[in-house]
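Asks: Using the hints, position chain B against chain A.
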Amino acid sequence: MTAASPSGSPRLWAVLLLLAAVLGDLAASFWMAAQSHRWLPVPASAAAGPVDDLFALEVGIGSFIFLGCSGVMLWTLLFNRAPKYDLDNGDPIEGNLKLEIVWTVIPLVIVMLIAWKAIDVSTTLSTLGGKVRVSGGHAAMHGAEGPTAALVAAEDPAAAHPIEVIGRQWSWEFIYPNGVHSSELHLPEGQRSFLRLSATDVIHGFYVPAFRLKQDLIPGSVIDYSLIPTRAGRYRLRDSMFSGGYFASNQTDVVVEPPEAYEAWLAEALRQPLRPAANAATDLYNQRLARGDRGWATVPPAPPPLVHVSADPTASHEA
Amino acid sequence: MTSTTPAPPFDPRVLKAPHPVPGAPNNWRRFLSFNTDAKVIGLQYMITALFFLLVGGLLSMIMRGELITPAADLVDPTVYNGLYTMHGTVMLFLFLFPILNGFNNLLIPPMIGAPDMAFPRLNAAAFWMVPVFGVILMASFLVPGGPSGAGWWAYPPQSIQNPLGHFINGQFLWILAVALSGISSIMGAVNFVTTIIRMRAPGMGWFRMPIFCWTAVAAQAIQLIGLPVLTAGAVLLLFDLSFGTSFYLPEGGGDPMLYQHFFWFYSHPAVYVMVLPVFGIFSELFPVYARKPLFGYHVVAIASFAITFLSLIVWVHHMFYSGTPQWMRNLFMVTTMLIAVPTGIKVFAWIGTLWGGKLRLTTAMLFSLGGVFNFIFAGITGIMLATVPVDIHVGNTYFVVGHFHTVIFSTITYGVFAGIYHWFPKFTGRMMYEGLGKLHFVLTFIGSQLTFLPMHAAGLMGMPRRVASYDPEFAFANVLASLGAFLLGVATIPFLLNLVSSWVRGEKAPPNPWNAIGLEWLLPSPPPAENFEHDVPTVISGPYGYGLGRPLVDDEERFVAKAANASTGA
Numbered sequence: 000m001t002a003a004s005p006s007g008s009p010r011l012w013a014v015l016l017l018l019a020a021v022l023g024d025l026a027a028s029f030w031m032a033a034q035s036h037r038w039l040p041v042p043a044s045a046a047a048g049p050v051d052d053l054f055a056l057e058v059g060i061g062s063f064i065f066l067g068c069s070g071v072m073l074w075t076l077l078f079n080r081a082p083k084y085d086l087d088n089g090d091p092i093e094g095n096l097k098l099e100i101v102w103t104v105i106p107l108v109i110v111m112l113i114a115w116k117a118i119d120v121s122t123t124l125s126t127l128g129g130k131v132r133v134s135g136g137h138a139a140m141h142g143a144e145g146p147t148a149a150l151v152a153a154e155d156p157a158a159a160h161p162i163e164v165i166g167r168q169w170s171w172e173f174i175y176p177n178g179v180h181s182s183e184l185h186l187p188e189g190q191r192s193f194l195r196l197s198a199t200d201v202i203h204g205f206y207v208p209a210f211r212l213k214q215d216l217i218p219g220s221v222i223d224y225s226l227i228p229t230r231a232g233r234y235r236l237r238d239s240m241f242s243g244g245y246f247a248s249n250q251t252d253v254v255v256e257p258p259e260a261y262e263a264w265l266a267e268a269l270r271q272p273l274r275p276a277a278n279a280a281t282d283l284y285n286q287r288l289a290r291g292d293r294g295w296a297t298v299p300p301a302p303p304p305l306v307h308v309s310a311d312p313t314a315s316h317e318a
Numbered sequence: 000m001t002s003t004t005p006a007p008p009f010d011p012r013v014l015k016a017p018h019p020v021p022g023a024p025n026n027w028r029r030f031l032s033f034n035t036d037a038k039v040i041g042l043q044y045m046i047t048a049l050f051f052l053l054v055g056g057l058l059s060m061i062m063r064g065e066l067i068t069p070a071a072d073l074v075d076p077t078v079y080n081g082l083y084t085m086h087g088t089v090m091l092f093l094f095l096f097p098i099l100n101g102f103n104n105l106l107i108p109p110m111i112g113a114p115d116m117a118f119p120r121l122n123a124a125a126f127w128m129v130p131v132f133g134v135i136l137m138a139s140f141l142v143p144g145g146p147s148g149a150g151w152w153a154y155p156p157q158s159i160q161n162p163l164g165h166f167i168n169g170q171f172l173w174i175l176a177v178a179l180s181g182i183s184s185i186m187g188a189v190n191f192v193t194t195i196i197r198m199r200a201p202g203m204g205w206f207r208m209p210i211f212c213w214t215a216v217a218a219q220a221i222q223l224i225g226l227p228v229l230t231a232g233a234v235l236l237l238f239d240l241s242f243g244t245s246f247y248l249p250e251g252g253g254d255p256m257l258y259q260h261f262f263w264f265y266s267h268p269a270v271y272v273m274v275l276p277v278f279g280i281f282s283e284l285f286p287v288y289a290r291k292p293l294f295g296y297h298v299v300a301i302a303s304f305a306i307t308f309l310s311l312i313v314w315v316h317h318m319f320y321s322g323t324p325q326w327m328r329n330l331f332m333v334t335t336m337l338i339a340v341p342t343g344i345k346v347f348a349w350i351g352t353l354w355g356g357k358l359r360l361t362t363a364m365l366f367s368l369g370g371v372f373n374f375i376f377a378g379i380t381g382i383m384l385a386t387v388p389v390d391i392h393v394g395n396t397y398f399v400v401g402h403f404h405t406v407i408f409s410t411i412t413y414g415v416f417a418g419i420y421h422w423f424p425k426f427t428g429r430m431m432y433e434g435l436g437k438l439h440f441v442l443t444f445i446g447s448q449l450t451f452l453p454m455h456a457a458g459l460m461g462m463p464r465r466v467a468s469y470d471p472e473f474a475f476a477n478v479l480a481s482l483g484a485f486l487l488g489v490a491t492i493p494f495l496l497n498l499v500s501s502w503v504r505g506e507k508a509p510p511n512p513w514n515a516i517g518l519e520w521l522l523p524s525p526p527p528a529e530n531f532e533h534d535v536p537t538v539i540s541g542p543y544g545y546g547l548g549r550p551l552v553d554d555e556e557r558f559v560a561k562a563a564n565a566s567t568g569a
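So the sequences go chain by chain: A and B.
Quick note on numbering: numbering that gives the first Met the number 0 labels position 150 of the first sequence as 149, and the sequence is numbered without any gaps.
Quick note on numbering: numbering that gives the first Met the number 0 labels position 94 of the second sequence as 93, and the sequence is numbered without any gaps.
For reference, chain A alone in the conformation it holds in the complex:
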């Protein structure tokens, strides 16, 4: 408004200033989008690439809008301040229909584009299989046939033999098709792994930040899930859905290794004797009992699962 010349057309310096501001905003937003990959853990699954790119896109668009809006706010703070004792009013502008239509339509287009891109990413990943409710409580769960198992088996024979993932208060148990039990999850690199998620007591969350994937385990339901690890290494698996007293300790590791190493590990594991897994929650609870059971009420931890291979609490994880 202040930049309009008497003839009504904006002055050259105002146009140039606006142009410079928009270009500066664009450059900063591209820089932020590029930086955003560094805010995330190492990418270790097929999901990580598309998810990180989608996040970078949102960081870029978001930065542009944030810097644009706060830039205008800063401008008014610097140049539209009322001098002391100036009791005048500003320009009595009540609105501008064209501008209002623009700032309704542009955000609409932007969010719909993001949504379309997000649907595309979800379709590509298709990590979530079916979910089936099992009646009669936990006993039936182990024998339960996952809903899509037969369907997917036609395409990928591995789908018929998923790894059982069982969440408990507060431990993880993994049962492989060859009968190995472990409390850390081993997965072969570069192939789609099929998991069958169930919980025996309360809701838990299967969350591997390096995979960018998360899926809840619902008591009374069996959920088919699949993912493709793409990078060998040791990553954290965390319980992401609050599960009571020792929720924070309910974490273990995922070990991704080349398929040959994975097969060798499975074979070697089967030769180990079954023994109770090392379990942080059990240790913490025993310490609490030793201190006289002080603190607020909690259910005692479920007995640690009997496993061939227990998680190594001293091993260091990459993410």
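Hints were generated in silico from the structure; no laboratory data involved.
Because the structure is a prediction, the values reported are computed rather than measured.
Here a beta-carbon is modelled for each residue, glycine too, at the ideal position from N, C-alpha and C.
A portion of the hints provided could be inaccurate.
Computed spacing ranges between beta-carbons, pair by pair [claimed, not checked]: (1) B:131 to A:311: 46 to 54 Å; (2) B:231 to A:105: 35 to 43 Å; (3) A:131 to B:196: 44 to 52 Å; (4) A:38 to B:500: 42 to 50 Å; (5) A:82 to B:50: 34 to 42 Å; (6) A:260 to B:472: 23 to 31 Å; (7) A:22 to B:561: 55 to 63 Å; (8) A:80 to B:445: 20 to 28 Å; (9) B:224 to A:311: 47 to 55 Å.
The list that follows gives simulated cross-link-like pairs (lysine-lysine, DSS-like), each with its CA atoms no further than 30 Å apart [stated by the list, open to error]: (10) B:561 to B:357; (11) A:83 to B:437; (12) B:357 to B:507; (13) A:97 to B:357; (14) B:357 to A:83.
Replies: Frame of chain A; chain B shown alone:
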């Protein structure tokens, strides 16, 4: 004559008023009584809420003390769970809802020229349920086993495990308190909506109504539609916990997911119940302190109802990783993202109001500017959380905690502070100290960025929310967040000092200290018990006529002079 008789140390109008008015001598006891005056109830709500802000803040500082180191070493993990549960519950049900109902009570009748609320006794009953369920909730600290440690979501089956097996337990009292809070809020909502629909001043059509009243109706409509659902869900939870039913238990054929639908159908819109009135406060304050009409008043007004409508069809975005099928995820992603459009309209309208204005950086204006600045950031992270594949990574991590607190504290509570600094003179008759106010703002602004920004970073790296201990790689972000939280605790000191000392001995406030346009500013400070009584002004133009040179009401000079006379006690 008056030179020999010392002026009475109180406003002489109180001797004639049917109810005592704020500032009258020795009448603080009426704040402890079943008073039906909306202005007394408003202050009752606000003082109760500010007390619980301190309680909730204290709980959060113990939590941040625990989280300053990776190991769970300050308190037992079970105690941490109880603390975070109570922090969330106190802040939502005993601080934010009551303080916003305080604003509703104080502002709605004067803003629309009504003498009081439509149902004064219902109004008082709704307020008095707040201390009742406040005491019930606080009592849960004292029962064996401690308070609920299931989070403010209280998802079954975890929430109904009841380890000690007592009938009266923390979770039982928690559900009771939440259900009573729901009933109190429904009673309040009936009152606010009726008052605004039925009791507006002559000439005040819908499109001459201040935006605060628009947002109040939009927010309270959500309470009326959504709260019965949550309350029903909570009652079923109580039955599962205490009477052996299995609505949510798979062993008996129930489904824990049912509760999540009940809970989020209300509890996501609940955030809009809190943020809409704050949008109203921003829309009231920017025109005053930028000396310009609100940009696009009609669209801003209607956008409130667009938000209300959309807020009721987004709840499944809290359940993207709960086994929700893909088509449903996509549907709710789209509805959630659509909310960016009406909220964007509001943000752009505020910025349009600032543009070319004559800005006065009072404390109220600083909190409004800070609140909008933070809200733009929170809006962008909100879109990220709505995006299914991104949410599947950051959902249930500290990214959500950071986003949520940027909304609930750095936007909503900023707006609450802005509203307090702006309307304090009107309802207490005293000016607040600007110096202490600005100190409060600066400390709060630094403290909130330091607390909540690092949380986003920790969440992106995969730190789950609600943990009492965490892996060492998250330590740096948590140290920053803890320092910020302690700074926010310090920021409360100038605020409390300001409230108490300005109420006791602050400079007397004129009827319209900010030179604002609005019916409430045509009343004396503080307004008499029945506001305009029988002399209600006729509204002849829309609100926010700054610089337009048009009067708001018929015969405006007379009302201005009347208020000035009443304020000087002549």
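Asks: Is 35 to 43 Å right for how far apart the beta carbons of residue 231 (chain B) and residue 105 (chain A) are?
Replies: holds, 40 Å
Asks: Using the C-beta atoms of residue 224 (chain B) and residue 311 (chain A), is the stated range 47 to 55 Å upheld?
Replies: About 52 Å separates the Cβ atoms of residue 224 (chain B) and residue 311 (chain A), which means 47 to 55 Å holds.
Asks: Against the range 44 to 52 Å, how does the distance between the Cβ atoms of residue 131 (chain A) and residue 196 (chain B) compare: consistent or not?
Replies: Check passed, 49 Å falls within 44 to 52 Å.
Asks: Residue 38 (chain A) and residue 500 (chain B), beta-carbon distance inside 42 to 50 Å?
Replies: holds, 44 Å
Asks: Between the alpha carbons of residue 561 (chain B) and residue 357 (chain B), is the straight-line distance 30 Å or under?
Replies: Status holds; Cα separation ~29 Å.
Asks: Cβ-Cβ distance between residue 22 (chain A) and residue 561 (chain B): within 55 to 63 Å?
Replies: holds, 56 Å
Asks: Taking 30 Å as the top limit, are the C-alpha atoms of residue 97 (chain A) and residue 357 (chain B) close enough?
Replies: holds, 24 Å
Asks: 34 to 42 Å was suggested as the range; check whether the CB atoms of residue 82 (chain A) and residue 50 (chain B) agree with it.
Replies: holds, 41 Å
Asks: If you check the beta carbons of residue 260 (chain A) and residue 472 (chain B), does the distance land in 23 to 31 Å?
Replies: holds, 26 Å
Asks: Holds or violated: residue 83 (chain A) with residue 437 (chain B), Cα cutoff 30 Å?
Replies: holds, 17 Å
Asks: Does the structure keep residue 357 (chain B) and residue 83 (chain A) at a Cα separation of 30 Å or less?
Replies: Holds, at roughly 10 Å.
Asks: Should the hint that residue 131 (chain B) and residue 311 (chain A) are 46 to 54 Å apart at their CB atoms be regarded as holding?
Replies: Holds: the Cβ-Cβ distance is about 53 Å, inside 46 to 54 Å.
The structure agrees with every numbered hint stated previously.
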